[in-house]
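1 is the number of the first residue of the sequence shown in this note's numbering; add one for each residue after it.
Read the hints as simulated data drawn from the structure, not as lab findings.
Just so you know, even glycine gets a beta-carbon here, dropped at the ideal spot from N, CA and C.
Warning: the hint list may mix true and false statements.
To be verified - Pair by pair, the computed Cβ-Cβ distance ranges are:
#1 PRO32 / GLY117: 30 to 38 Å
#2 GLY23 / GLU110: 17 to 25 Å
#3 LEU116 / GLY43: 21 to 29 Å
#4 GLN115 / GLY60: 31 to 39 Å
#5 VAL45 / ALA111: 33 to 41 Å
#6 GLN104 / PRO72: 33 to 41 Å
#7 ARG91 / ARG36: 15 to 23 Å
#8 GLN115 / ARG62: 32 to 40 Å
#9 GLN115 / GLU77: 12 to 20 Å
#10 GLN30 / LEU87: 15 to 23 Å
#11 ASP89 / LYS31: 29 to 37 Å
#12 LEU114 / CYS85: 30 to 38 Å
#13 LYS31 / GLN115: 25 to 33 Å
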Amino acid sequence: MDFYRRVAVVGQRIPRGRVATYGQIAMLCQKPRAARQVGYALGRVLPPGTLPAQRVVGHGGRLSGARSFATPHTQRELLEREGVCFLPDGRVDMVRSAWQTTLQQVQELEALFLQLGI
């Protein structure tokens with residue numbers, strides 16, 4: 001399994017106006033306990049621009065990419081432009097803006113991983 005390639009494949013599928021958590025991406029990559037590895041992939045392994053990194057947030061909708069962007073506010077600004085909703089405390093409103101994957105999408109990802117040999 002090439003976990004980092006899987007992270008790229010999953011991340012590229014996060015729809016505009018939606019967010020996914022590090023843990024959700026890890027689960028979709030079939031390594032549910034690898035949320036930190038997802039963060040490592042975003043910050044150190046995958047080339048910039050491989051996926052829309054602003055759409056990846058911490059558990060509970062916490063913005064966690066301040067070090068990955070030009071300014072600490074860039075991630076929020078990018079998400080607001082996409083229509084992502086925020087709570088008064090600054091977290092993403094996960095009820096309204098979380099990427100809700102379907103069983104069909106999960107099955108399509110599994111098939112794609114097999115096809116790509118990852």
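Checked hints:
1. The hint said 30 to 38 Å for the Cβ distance between PRO32 and GLY117, and at roughly 22 Å that hint is violated.
2. Between GLY23 and GLU110 the Cβ separation comes to about 18 Å, which falls inside the hinted range of 17 to 25 Å.
3. Look at LEU116 against GLY43: about 23 Å separates their beta carbons, and that is inside 21 to 29 Å.
4. For GLN115 and GLY60, the Cβ-Cβ distance of about 34 Å falls inside the hinted range of 31 to 39 Å, so the restraint holds.
5. Judged by the Cβ atoms, the range 33 to 41 Å given for VAL45 and ALA111 is violated: they are separated by roughly 24 Å.
6. Restraint check, GLN104 to PRO72: a C-beta distance of roughly 37 Å satisfies the suggested window 33 to 41 Å.
7. One distance hint, 15 to 23 Å for the beta-carbon pair ARG91 and ARG36, holds here, with the actual separation near 20 Å.
8. Under the hint 32 to 40 Å, the C-beta atoms of GLN115 and ARG62, about 34 Å apart, fit the expected range.
9. Our hint of 12 to 20 Å for GLN115 and GLU77 is violated, since their Cβ atoms are close to 36 Å apart.
10. Taking the beta carbon of each, GLN30 and LEU87 are about 31 Å apart, not inside 15 to 23 Å as hinted.
11. Checked against the given bound of 29 to 37 Å, the beta carbons of ASP89 and LYS31, roughly 30 Å apart, stay inside it.
12. In this structure the hint that LEU114 and CYS85 lie 30 to 38 Å apart at CB holds, the actual value being about 35 Å.
13. Checked against the hint of 25 to 33 Å, the pair LYS31 and GLN115 fails, with Cβ atoms roughly 19 Å apart.
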